[in-house]
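Since the structure of chain C is already known, use the hints to place chain B on it.
There are 2 protein chains.
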Amino acid sequence: MSGFPADSVGLVAPQHQSFSEPLRLACGKTLNQFDLVYETYGTLNASRSNAVLVCHALSGHHHAAGYHNADDRKPGWWDACIGPGKPIDTNRFFVVSPNNLGGCHGSTGPGSINPRTGKSYGATFPVLSVEDWVHSQARLADTLGIDCWAAVVGGSLGGMQAIQWAISYPERVRHCVAIAAAPKLSAQNIAFNEVARQAIITDPDFHNGDYAAFGVIPKRGLMLARMVGHITYLSDDSMGEKFGRELRTDRLNYDFTSVEFQVESYLRYQGQEFSARFDANTYLLMTKALDYFDPAEAHGGDLTKALEHVRARFLVISFTTDWRFSPARSRELVNALMAANKPVSYLEIEAAQGHDAFLLPIPRYADALSGYMNRIEVDA
Amino acid sequence: MSGFPADSVGLVAPQHQSFSEPLRLACGKTLNQFDLVYETYGTLNASRSNAVLVCHALSGHHHAAGYHNADDRKPGWWDACIGPGKPIDTNRFFVVSPNNLGGCHGSTGPGSINPRTGKSYGATFPVLSVEDWVHSQARLADTLGIDCWAAVVGGSLGGMQAIQWAISYPERVRHCVAIAAAPKLSAQNIAFNEVARQAIITDPDFHNGDYAAFGVIPKRGLMLARMVGHITYLSDDSMGEKFGRELRTDRLNYDFTSVEFQVESYLRYQGQEFSARFDANTYLLMTKALDYFDPAEAHGGDLTKALEHVRARFLVISFTTDWRFSPARSRELVNALMAANKPVSYLEIEAAQGHDAFLLPIPRYADALSGYMNRIEVDA
Numbered sequence: 080m081s082g083f084p085a086d087s088v089g090l091v092a093p094q095h096q097s098f099s100e101p102l103r104l105a106c107g108k109t110l111n112q113f114d115l116v117y118e119t120y121g122t123l124n125a126s127r128s129n130a131v132l133v134c135h136a137l138s139g140h141h142h143a144a145g146y147h148n149a150d151d152r153k154p155g156w157w158d159a160c161i162g163p164g165k166p167i168d169t170n171r172f173f174v175v176s177p178n179n180l181g182g183c184h185g186s187t188g189p190g191s192i193n194p195r196t197g198k199s200y201g202a203t204f205p206v207l208s209v210e211d212w213v214h215s216q217a218r219l220a221d222t223l224g225i226d227c228w229a230a231v232v233g234g235s236l237g238g239m240q241a242i243q244w245a246i247s248y249p250e251r252v253r254h255c256v257a258i259a260a261a262p263k264l265s266a267q268n269i270a271f272n273e274v275a276r277q278a279i280i281t282d283p284d285f286h287n288g289d290y291a292a293f294g295v296i297p298k299r300g301l302m303l304a305r306m307v308g309h310i311t312y313l314s315d316d317s318m319g320e321k322f323g324r325e326l327r328t329d330r331l332n333y334d335f336t337s338v339e340f341q342v343e344s345y346l347r348y349q350g351q352e353f354s355a356r357f358d359a360n361t362y363l364l365m366t367k368a369l370d371y372f373d374p375a376e377a378h379g380g381d382l383t384k385a386l387e388h389v390r391a392r393f394l395v396i397s398f399t400t401d402w403r404f405s406p407a408r409s410r411e412l413v414n415a416l417m418a419a420n421k422p423v424s425y426l427e428i429e430a431a432q433g434h435d436a437f438l439l440p441i442p443r444y445a446d447a448l449s450g451y452m453n454r455i456e457v458d459a
Numbered sequence: 080m081s082g083f084p085a086d087s088v089g090l091v092a093p094q095h096q097s098f099s100e101p102l103r104l105a106c107g108k109t110l111n112q113f114d115l116v117y118e119t120y121g122t123l124n125a126s127r128s129n130a131v132l133v134c135h136a137l138s139g140h141h142h143a144a145g146y147h148n149a150d151d152r153k154p155g156w157w158d159a160c161i162g163p164g165k166p167i168d169t170n171r172f173f174v175v176s177p178n179n180l181g182g183c184h185g186s187t188g189p190g191s192i193n194p195r196t197g198k199s200y201g202a203t204f205p206v207l208s209v210e211d212w213v214h215s216q217a218r219l220a221d222t223l224g225i226d227c228w229a230a231v232v233g234g235s236l237g238g239m240q241a242i243q244w245a246i247s248y249p250e251r252v253r254h255c256v257a258i259a260a261a262p263k264l265s266a267q268n269i270a271f272n273e274v275a276r277q278a279i280i281t282d283p284d285f286h287n288g289d290y291a292a293f294g295v296i297p298k299r300g301l302m303l304a305r306m307v308g309h310i311t312y313l314s315d316d317s318m319g320e321k322f323g324r325e326l327r328t329d330r331l332n333y334d335f336t337s338v339e340f341q342v343e344s345y346l347r348y349q350g351q352e353f354s355a356r357f358d359a360n361t362y363l364l365m366t367k368a369l370d371y372f373d374p375a376e377a378h379g380g381d382l383t384k385a386l387e388h389v390r391a392r393f394l395v396i397s398f399t400t401d402w403r404f405s406p407a408r409s410r411e412l413v414n415a416l417m418a419a420n421k422p423v424s425y426l427e428i429e430a431a432q433g434h435d436a437f438l439l440p441i442p443r444y445a446d447a448l449s450g451y452m453n454r455i456e457v458d459a
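So the protein lines, in turn, are chains C and B.
For the first sequence, the working numbering begins at 80 and goes up steadily by one.
For the second sequence, the working numbering begins at 80 and goes up steadily by one.
Looking at chain C on its own, in the form it has when it is part of the complex (with noise of 0.2 Å):
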């Protein structure tokens, strides 16, 4: 453990699980077998009552905390969050983070193979709905033998499951965190997933989702998604500040070729980065999932129905300069909680740096997670 900083998980590994019991998918196909990749941070005690499932937004996996090996320089996602001391206190609590059915990282996805066809998925692979992965999670804490999470918790669309969870399974989640989320997207939110889907789906590249069979991918579409997607993570203020109209060189080139200004070589670097390493069937996946979340849906559209009957206390963090679930998509979700007498919490935080805000090192984000987290009751 030697080279980890103090409050680092330190080294970890992902596990994986596989279940044989067919899951029923929202969209009515049903898979026959899945198998989910996983890591944890802590330890579970003897009650079984001190466990946290962390789940992930749109290009995460479950690498959340700590190092996969001695050498590597970037901790998991969410390590400023998860650690001994940290605001997911893993001297209290026993983390449980999923890399989510469909997902590109060792969880069943388009790029797993069918057992049915021994070919890979591809394009066959269901279309999956937030429901499904809470399902599947759901699964994943029976084989730990958990029956009640002390809190699930998630930052945008892994907000969304957390809010899921509350309502799928209230007699097994104790506290829901919901950050940076919202109860449904909104026509906005639709559009700039539809932009991303589109910029995939005609990448010439993409062949109806089965590039693989054609031993390419379609790296132009990724990339293009993914630079949609990082500017509606940014506040405008922020992209400001970080850049402003700071040029790459001394001078304008005048032409359409070289990189002028610093933001567009961040946003190319940002896409090609990603383009490399995630799978465009999985893209697609995920930003469909978020499309389709409207638990208000099956009530009407009334979203104080749909959640009458959870039990689970609700911690939900907003971010003030967040343009893609803004402070105003929470609140919709307090006043629902508040109109369907549940308890809440409700903090916006003061943060230049929109959406993403929920990654970062925010000092009274962190303060006011960590008090919350620290008062959720968990036997010795």
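In case anyone wonders, no lab produced these hints; they're calculated from the structure.
This list has only true hints and no planted wrong ones.
Remember, identical chains collapse to one label, so a pair may be satisfied in a single copy or spanning two.
Within a straight-line C-alpha distance of at most 20 Å, the following computed EDC-like cross-link-like pairs (lysine to aspartate or glutamate) qualify: (1) Lys321 x Glu376; (2) Lys108 x Asp334; (3) Lys298 x Asp284; (4) Lys384 x Glu411.
Coordinates of chain B only, in the frame set by chain C:
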């Protein structure tokens, strides 16, 4: 004239003007000759003091008002504002509306024949700046015998041309009307433009801009560029009101090719329609001109200094829900004008439609523009 509304300029026909004096461009290159196509509405008075220049935005053209033939179902793009008794009243004003240099509607642009090679310019057409447009429009004013515009008026990128006119030709502009514009692009603005450009440039049918030689057009790229652009033209609220989460059909399809939500259908239609009628190289040029626009830059970033020699009175208008060029961006211009002791009126119009509001017949907006324009003195 029978079939047209009484407040329409009626049947109009584009006019052409050729220029053979070389035009030195900001990029360092020179256009030895060029054509501009333009329309005029109303009558130039004897003292030539009633001429108004209307500048178009990114995807605009010279056809701003009236109809090209008796069967036209749609009038010009700013017909709401130009006509007898309308805010830019053709009973008083002689309106000149050119298609910008580099355009794809008749003015010399990437699709035109390069007289030196006998082939279309394509990718070799020089990159243009807002200043270049203003200089080319000044040539047009010369040929029309217009020494001084009663007003130069424009929205969005058109507003930037109006601002640049007041700076480049202080003696030739009495009034500058800049609507839904900004004194320069933000990092986020540039980022959206960069996504649009990358969509076009990475389309395999782009062929480095020489798609014409291959008999194809980069439709996918143009479609994506327009989709991204379109999201930024509408406010989150107006998209919500227009589409909400309304489904296209009465049930979800759970696949990637079907259109689930109305907003997806709308965006795809907008993108496809645009890709069939607009030129990709022109789109690249327009977004670059937007990025480069920064009149303060030549004055060490001091906008007040850039406006020092301006003699025009300014009317600046912004719209509350415009997040592409928000009211704050218009206020930057207003503050700099005030600091430079220039006369300026500023109006922030309450409007739900976002950036697109500048094109729409919003009563308070129309009244304000009318009131301002009617107070401009012109000889009988």
